[in-house]
Amino acid sequence: MSENTKFPVWARRIGRWLALAAAVALGLSPQTAVWFPSLSPHIALGGALAAKTASVVTLVGLPVLVLVLIWPRWFCHHACPTGFLQDLFSRRKAAEWRRWPPIGKWLLVITLGGAALGYPVFLWLDPLAIFNGFLNAAWHKPVTLAAGALLPVVLVFNFFLPKVWCQRICPLGAMQELLALARRHKRTPVPVPHQKRLARRAFIGVCAGAAGAVLVQKASGRTAPPLRPPGALPEADFTGACVRCGNCGAVCPSQVIHQDLKSVAGLLAPVLRYDKDYCRENCNRCGQACPSGAIARLPLAEKEARLIGVAKIDLDACALANGEECTACIRSCPFEALVVVENAEHTGSEPRLIQGRCNGCGACESVCPVWPKVAIRVAPLPGQS
Amino acid sequence: MINNISRRQLLRVLSVAGFGTVLAARTVADETGKKAAASPEGSGWASVRKPIPATPRDRYPATLVGGKVIQPERPLPVIQETDVLVVGGGPAGFAAAVSAARAGVKTMIVERYGYFGGLWTGGIVLIVLDTHINVKTDSTQVMRGIGGELLDRHWKIPGTIAYRPNTKHNPTTDPEATKYFMDEMIAESGATVLLHSWATDVVMDGNAVRGVVFESKAGRQAILAKVVVDATGDGDIFAAGGAEFEQWLHAIGLVHRRGNVDRADLGKLKMKSLGALEPLPSVNWVNLRGPMSDGLNVKELTRLEMEHRRSIWQATQKLRGTPGGENVFLLQTAPQLGVRVTRMLAGTHKLTGDEVRAGKKFSDIVGIGGGGKGWPIPYGTLLPKKLDGLLAAGRCISTDEKLIENMRLIAPCLVTGHAAGAAAAVAVQSKCQPRNVDIKKVQKLLKDQGAYLG
Amino acid sequence: MINNISRRELLRILSAAGFGTVFATRTVADEVGKKGVKSAPSGWESVRKPIPVTPRDRYPATIVGGKIIQPQRPLPVIAETDVLVVGGGCAGFAAAVSAARAGVKTTIVERYGYFGGLWSGGLVLVVISTHAREKDETIQVLRGIGGELLDRHKKVQNAITDSKYNPTTDPEATKYFMDEMITESGATVLLHSWASDVVMDGNAVCGVVFESKSGRQAILAKVIVDATGDGDIFAAAGAEFEQWLHAIGLVHRRGNVDRADMDKLKAAGIKSLGGGKEPVPSVRWINMRGPMGNALDVKELTRLEMEHRRTLWQGIQQVRKTPGGENVFLLQTAPQLGVRVSRVLAGTHKLTGDEARVGTKFPDTVGVGGAQTAKHVGWPIPYGALLPKKLDGLLAAGRCICVDEKLIEDMRLIAPCLTTGHAAGAAAAVAVQSKCRPRDVDIKKVQKLLKDQGAHLG
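Protein chains in written order, with numbering that gives the first Met the number 0: chain A, 0 to 384; chain B, 0 to 453; chain C, 0 to 457.
It is worth saying that the hints were derived from the structure and are not from the lab.
The reader is advised that the hints may include incorrect statements.
To be verified - Okay, the calculated beta carbon distance ranges per label pair:
hint, chain 1, residue 1, chain 2, residue 2, range
1, B, 187, C, 432, 16 to 26 Å
2, C, 457, B, 317, 36 to 46 Å
3, C, 260, B, 46, 35 to 45 Å
4, B, 138, A, 354, 50 to 60 Å
As the list claims (entries may be wrong) - Below, a list of computed lysine-lysine pairs in the DSBU-like style, where the Cα atoms sit at most 35 Å apart:
hint, chain 1, residue 1, chain 2, residue 2
5, B, 155, A, 311
6, C, 389, C, 320
7, B, 349, B, 440
8, C, 360, B, 430
9, B, 360, B, 349
10, C, 320, C, 360
11, B, 167, B, 430
12, B, 216, C, 104
13, C, 388, C, 104
14, B, 216, B, 105
15, C, 48, B, 298
16, A, 261, B, 443
17, A, 275, B, 317
18, B, 372, C, 104
19, B, 49, C, 360
20, B, 317, C, 388
21, B, 105, A, 311
Stated by the list, open to error - Which stretches of chain B does chain C cover? Using the computed rule of at least three CB atoms under 8 Å from a CB of chain C, they are:
hint, stretch
22, 55–67
23, 194–204
24, 280–287
25, 443–450
This structure is a prediction, so every number in the text was calculated from the model and none was measured.
Glycine residues also receive a C-beta, built at the ideal position from the N, C-alpha and C atoms.
Throw the hints in and build the complete structure from the sequences for me.
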């Protein structure tokens with residue numbers, strides 16, 4: 000922290016404004032939004048660990064990692080847009096934040112422990128993910144409104160309890176402190192009991208995270224997984240790899256990507272809802288915009304062949320099968336996966352799905368006039384979880 | 000209006016409609032009819048029947064000439080000259096006639112059967128599909144204007160129209176109410192009506208249709224018009240006028256209605272329903288797909304009519320013979336066979352499913368079809384490539400295969416009918432061919448008449 | 000941004016290497032699946048299919064010197080038959096079945112899509128004058144084809160009322176049984192076909208021109224039975240006739256009449272829901288007299304159709320608004336307007352009411368009309384009432400045969416129409432078999448054929 004004094008206050012102010020502007024620019028530009036959240040080493044590391052693979056996007060977090068190794072909490076003081084916004088909107092300068100336990104450290108170890116088993120439990124509390132989610136929500140509503148609500152919540156929290164978030168809760172802040180601790184240990188040996196205590200805490204945290212991850216996955220495994228964007232990792236890996244940045248929803252031209260508010264493991268992760276529109280056959284933007292690799296970046300042809308789910312027809316509800324001249328789903332299908340066939344009694348028509356043609360794009364579901372329970376809906380693939 | 004009927008008037012109405020009178024009249028026939036032999040002056044029949052001189056009717060019978068049947072050249076009596084002549088009184092023709100007449104041009108509508116509505120009422124295809132777009136989110140009614148007003152009139156009388164449970168789109172109507180409200184709107188619009196008249200040929204003037212020849216109990220007669228709207232569904236008029244078209248086979252069925260469905264025991268019958276819901280209590284309508292066939296081949300129409308009636312009869316008998324279904328009965332088979340698609344005009348613009356999917360915009364949009372996210376209908380789809388003096392409306396306008404199933408539904412037919420009627424009126428008022436109308440004027444008229452153009 | 004993929008080629012390759020492997024197997028499987036399916040049918044080919052345009056001769060009318068001239072044209076002959084019956088009402092139906100059963104090639108052309116005419120399509124459901132008094136007992140005079148038709152109804156529940164005479168039928172059952180009997184008889188049927196003109200060969204009718212969705216076509220025949228009700232065919236061929244105005248009404252049916260609260264309705268001044276009981280439960284049919292009109296004037300037909308519909312609509316709305324009548328509804332207005340009488344043939348014998356009242360017998364009796372209340376004697380119908388005075392090649396059947404004013408109300412009923420139709424069909428068959436004009440047939444042969452076919456000749 001002593002580094003702060005090296006700069007005049009006004010210089011630091013200007014620097015922070017510039018950083019905020021840069022964050023807004025990076026987060027809004029579709030070109031950079033992809034890797035913007037990964038600037039946080041917390042996301043880069045947690046995402047890569049959860050997905051058990053590293054991509055170029057992961058590497059984006061490296062420079063910041065090096066910087067914070069040299070100057071602990073450098074990111075907080077000079078770069079973090081979420082932290083700067085809190086400073087701007089805080090009521091008082093000081094508070095009793097020191098009396099709060101180091102929640103962030105626990106969050107971090109639990110997240111990393113969970114990530115090791117595929118589910119980085121609190122990765123979405125990362126300040127860059129929160130900020131990016133807000134940007135997406137503000138500019139691409141209403142798709143990511145739930146994610147966008149986090150930043151205001153944090154700001155209000157900070158207004159009443161200044162600095163508690165940054166110093167005690169933020170997992171990225173905790174990460175920087177742990178890294179600084181590690182560096183200090185090299186220079187000045189820490190008493191063994193303290194080491195043991197630290198190790199024990201880390202172990203408990205990782206175990207808790209792992210147990211949490213297993214529990215969450217088990218809990219969500221019992222219900223059918225929701226529909227994920229095309230090219231999403233298998234459900235268990237996906238809920239881990241996704242950093243809830245909202246990029247996919249923001250770029251979706253048909254706005255079918257919504258926030259998952261129902262499942263535990265996938266809370267705030269993207270789900271597809273086809274009540275208004277469908278996953279366009281000529282688009283692969285969500286994969287292109289995903290910073291963590293949770294949604295694979297697929298060429299158009301490959302994305303088109305990738306199964307999102309498969310359409311299921313409820314003939315009891317279907318208007319055509321009940322004698323009305325409705326062919327809405329059949330005529331909507333871009334892949335001609337739905338055909339009209341004669342019913343068993345030879346009195347009427349009904350729609351039938353040709354297995355293998357349907358990729359679960361939801362065009363049929365989006366136009367089905369039967370309401371409120373549509374007669375054709377895209378169901379997740381069996382065994383997807 | 001109905002509220003204002005007095006008790007006495009009601010009794011009068013009831014007795015006019017009443018069987019009692021006729022039974023009475025019949026006993027009179029039996030008893031005083033015999034007496035009338037003695038005193039014919041007081042028979043009372045003078046108000047019921049009267050001999051008149053035979054209505055003059057030109058006779059130009061065909062003759063056998065060298066083994067061939069030759070119909071001789073003949074003049075045709077012209078019974079009317081009008082501005083806009085609408086041929087066919089289905090949803091499209093109805094909307095066209097009301098629109099043109101309201102726009103202030105002299106309008107006439109000719110219908111083969113004795114009522115308006117075509118397959119909607121006479122074919123008992125009671126559900127008005129594709130009235131709305133985006134039905135699950137920001138549901139918007141796109142079938143407005145004349146068609147929307149027609150539905151609104153239904154909504155004012157309970158029991159004449161209903162949505163499926165939990166929905167607010169695609170209503171089902173009572174066919175008798177629909178017939179009546181169509182009568183009402185046509186009569187109010189001031190259009191001249193000829194029912195029971197089958198349009199069979201055209202009067203040509205160079206490359207333009209100038210009139211229509213039709214058969215009725217009054218014989219073969221002609222009507223001249225400045226613009227003819229072909230709302231026959233089968234494109235009979237543009238085909239006779241020599242326009243280019245495609246021809247399709249399509250499934251042809253026959254709808255029927257079942258009565259007393261509320262007295263059936265669905266559990267015993269192991270059926271989930273006995274047909275589609277109607278606004279009328281205790282009645283369901285039952286659609287029939289039928290085999291693919293040529294709706295322009297009268298022998299096919301004959302065969303299918305009889306085959307379908309047999310299968311409906313047998314299915315009903317089987318139902319009535321099954322425990323739980325004893326009380327259900329066959330209420331009515333549709334008076335009109337359910338022909339879905341036959342001729343499709345080759346218009347100056349062929350609207351394709353790909354254009355719709357790509358969300359293409361048209362500067363000459365004259366209506367929006369419902370269902371899903373909707374689809375714009377450009378004026379060019381109503382205009383024959385070369386033939387003048389004519390606009391098509393309804394299921395036979397120029398669309399590609401992917402839109403056939405949309406175009407033939409009731410709501411889009413009401414929309415294109417409205418568009419054709421308005422365009423015909425503007426053409427008459429501008430003294431130009433339909434293909435030369437100022438589309439802005441047509442669009443303004445449509446909007447003034449409540450149509451939805453996006 | 001998708002356009003810029005090339006700029007991020009490296010990224011794509013790297014990430015594909017990172018994430019792509021997970022999906023390798025599924026992607027391959029998907030693509031195979033898609034390829035295998037490209038050739039699969041779409042389902043629509045069994046529902047719709049484009050075909051080459053059906054060739055159709057075009058001879059449009061043109062304007063020549065201010066007049067509309069329809070040019071001379073040849074007419075395609077789609078069939079040559081022995082007996083051609085025009086009109087599929089009660090009379091036409093019986094004529095076609097009789098002629099076809101007699102073994103001659105028979106074709107029947109009907110304007111609407113079903114048989115029965117005003118009986119089924121006009122919803123005039125009661126078959127009046129089936130019986131008459133003969134030697135102090137009431138006997139059924141409607142036998143033969145018409146009697147058989149009623150008998151078929153009796154075998155099915157709720158198809159016909161079990162009245163001793165003048166039963167009411169379910170119109171859908173009637174349509175179906177007519178279809179059945181016509182089909183079994185082997186007659187060729189053309190529905191949805193409007194006969195509009197005749198083909199003449201000298202003084203004889205030798206064919207009929209009709210309009211349909213297939214265009215204007217002709218059918219040639221040795222004998223034509225005019226069962227149009229309006230005498231359209233004999234009028235087009237130039238036969239002599241009388242023309243009448245008569246009351247024109249529109250029948251309707253009311254549903255759920257058994258779900259009405261009659262006590263409440265009576266209290267509100269509606270004494271009855273009116274109408275005749277039907278064999279079908281909870282439905283009543285309600286006749287309408289209507290004003291006198293000219294059924295050959297299409298403008299009049301149009302006006303009456305719309306006026307009557309308004310009257311019926313207002314009547315039913317009043318019932319539905321009255322406490323107790325809420326459940327009653329307008330089930331159906333008849334698809335056909337109730338035209339009672341228009342043209343009446345000038346035949347070689349004009350059957351008069353005076354002759355009928357006393358049951359005058361004729362040597363050329365071809366059927367017996369019943370009494371409306373079954374208490375009076377029947378009235379034999381002479382063959383001459385079906386024969387035009389001069390025109391050859393044609394027999395009339397049904398309400399337009401040659402009767403005088405006093406008998407018009409009897410002749411237009413369903414039972415006598417079935418009877419005269421049967422007679423005309425049998426006579427036409429005998430004429431074809433004897434290779435002679437209808438007026439030259441041996442009446443004994445006709446009477447024998449009729450009796451063989453079960454008809455009652457008194």
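Now for the hints, and whether the structure bears them out:
no. : hint                         : verdict
1   : B:187 with C:432: 16 to 26 Å : violated (59 Å)
2   : C:457 with B:317: 36 to 46 Å : holds (42 Å)
3   : C:260 with B:46: 35 to 45 Å  : holds (36 Å)
4   : B:138 with A:354: 50 to 60 Å : violated (32 Å)
5   : B:155 with A:311             : violated (39 Å)
6   : C:389 with C:320             : violated (58 Å)
7   : B:349 with B:440             : holds (22 Å)
8   : C:360 with B:430             : violated (70 Å)
9   : B:360 with B:349             : holds (14 Å)
10  : C:320 with C:360             : violated (55 Å)
11  : B:167 with B:430             : violated (42 Å)
12  : B:216 with C:104             : holds (28 Å)
13  : C:388 with C:104             : holds (26 Å)
14  : B:216 with B:105             : holds (24 Å)
15  : C:48 with B:298              : holds (19 Å)
16  : A:261 with B:443             : violated (49 Å)
17  : A:275 with B:317             : violated (43 Å)
18  : B:372 with C:104             : violated (57 Å)
19  : B:49 with C:360              : holds (29 Å)
20  : B:317 with C:388             : violated (51 Å)
21  : B:105 with A:311             : violated (53 Å)
22  : 55–67                        : holds (count 8)
23  : 194–204                      : holds (count 10)
24  : 280–287                      : holds (count 3)
25  : 443–450                      : violated (count 0)
When held up to the earlier numbered hints, the structure conflicts with 1, 4, 5, 6, 8, 10, 11, 16, 17, 18, 20, 21, 25 and fits the remainder.
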